[in-house]
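Sequences listed follow chains A and B, in order.
Quick note: the first sequence uses this note's numbering, first residue -3, plus one each step.
Quick note: the second sequence uses this note's numbering, first residue -3, plus one each step.
Heads up, a few of these hints could be off.
Unchecked claim - Examples of chain A residues toward chain B, derived with CB under 7 angstroms: (1) Leu153; (2) Asp157; (3) Ser247.
To be verified - Cβ-to-Cβ under 10 angstroms is the rule here; a few derived chain A residues that face chain B: (4) Asp130; (5) Ser142; (6) Gln147; (7) Arg160; (8) Asp231; (9) Pro234; (10) Ile238; (11) Arg239.
Hints are computed from structural coordinates only; laboratory data are not their basis.
Heads up, the beta-carbon is just placed ideally off N, CA and C, and yes, glycines get one too.
Protein chains: 2
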Amino acid sequence: MRVAVSGAAGMLGRKLVDRLSKSGTVAGKPISGFVLHDIVAPTAVNGPIKTEMLVSDFSAAGAAEAIVASQPDIIFHLAAVVSGEAEADLDKGYRVNLDGTRALLEAVRKLGGDYRPRFVFTSSLAVFGAPLPDVIPDDFILRPLSSYGAQKAMGELMVADYSRRGIIDGISIRLPTICVRPGKPNKAASSFYSGIIREPLNGVPSVLPVSKDMRHWFASPRAAIGYLVHAAELDTAPLGGIRSLTLPGVSATVADEIEALHRVGGEEAVALIREEPDATIHAIVSTWPKAFDARLALDLGFVPDKTFEEIVRIYCHDELIRA
Amino acid sequence: MRVAVSGAAGMLGRKLVDRLSKSGTVAGKPISGFVLHDIVAPTAVNGPIKTEMLVSDFSAAGAAEAIVASQPDIIFHLAAVVSGEAEADLDKGYRVNLDGTRALLEAVRKLGGDYRPRFVFTSSLAVFGAPLPDVIPDDFILRPLSSYGAQKAMGELMVADYSRRGIIDGISIRLPTICVRPGKPNKAASSFYSGIIREPLNGVPSVLPVSKDMRHWFASPRAAIGYLVHAAELDTAPLGGIRSLTLPGVSATVADEIEALHRVGGEEAVALIREEPDATIHAIVSTWPKAFDARLALDLGFVPDKTFEEIVRIYCHDELIRA
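With the hints as constraints, model all of the structure from the sequences given.
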């Protein structure tokens, strides 16, 4: 199996390639080669699998063609301009997130013949927008409130259309908010959801800008990588025309997060959280999904984290102990 | 008010321009000029309103810029490659229906300044696809089963995104199936829905390819023109982020259609319908929406036909008596 990954230098891309190179197989078959693309050089792959590194702007002419030239059996399309940047730069967001995705699909189409790769597209909860029910069903309308969300929703529509036409065997997965995200805090409105766990577990103070009853939808990085691999391996025949899936997750309030932190890191960890209400962040975050009834994905075998405490323990195991 | 219409030579485009030129006003203000665009020359406008005729391929370079150059206050974007052609020619469908719509939005954006026109985009029931509930709510997922439907859904997402960003004041309206469509039968799978009324009322035999319990969602051309004008005039402030509306219609079975034909045209008209089951057409049509709970559009003042009989009488009045 040849495996291509766009956005291979990102957090999920690196963890995905790491997991695949360790197992050496996907969908029950040995991996014969990687094609890894990003705008900066992806980390070198440990192990014997032959790896082609491609470094360019994803939206540059020829980038999509280069990724698919060797006819990879599986394409993980993770590359994207993130939410804040897509909002700040309309042209860049549409160029990378819409035109780039389309270019990748068109590059597959141009190869023609019997070539019909599994195409795993990472979509986002940003495809949903208020007004939202407390628990969102699988057939709820996509009504994004950001350009990033609009572009992801348009990508889902193309993945479904190109799948229906037999050009790809595609699946779009709407990942929950990844938590605990390793690394540094960033300027994303969602940053505190990971920060209030990660910083205290590293002995560093962390600011909580919203009230403790704020509820959101989470998956650990480990669960997210499991989702990506499962999306590459599952039988798509039972999906019919449904090529987009909201993935299962853990619905937790900030209070639930703090309770889990208490169990894992004790009182001293919790004491490092400082409440500092920020009306702007509160307003943004309060329009986000709180929970899903992700029945379809559960039936298809996607396995979520069990509890928020498990999410915290995965962070400790994968990022603190192993690091 | 300056009014631009793309697809102005089509059935709806002609009726829309006819109605606007007769009233001479829109949104309570006099119309000072029309900009009419189509790939063939739109019919000349009767009356004193100054009219600029533009004839070109909608997807050609410069077409979008020419349509918006005079900064029309209202843009009716009706131009589209129809369903069958968009399915047969993937490139052409995406070029006109997606890239063309985007070019029009970008042409508005490039004009910049305070220019922020009302933008009325005709979407379609083709954005919905099976599995569907019997009565589809306003917040049901868009899951098109045709490239045309995918392109219309992507257009809706762009209209909403460009509206949210303040570039246009946009609204996408999902029109019911237009019935009774004037003119000749065509190769569309939906052709019989109009044909079994139109042909008998003109003394011509007509074939019914599906069973009489098949149910679908209809609006007369007159109601559809009312929808377009109302979409141009309504206050969009209460819509918030919701920029796409499923419009109200009449849910009727083929049996309901035949009963209405009987009341209007008598037994001799009904006798001209010949049942000739066609499994292919039956299969296509049976995946289509049967009815909507179009609460939002009703609350916003969109006024549907009252009954299928009214739809038949509108055909007689507008197409047979006036013609």
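Unmet hints by their number, sorted upward, for this structure
3, 4, 8 and 9
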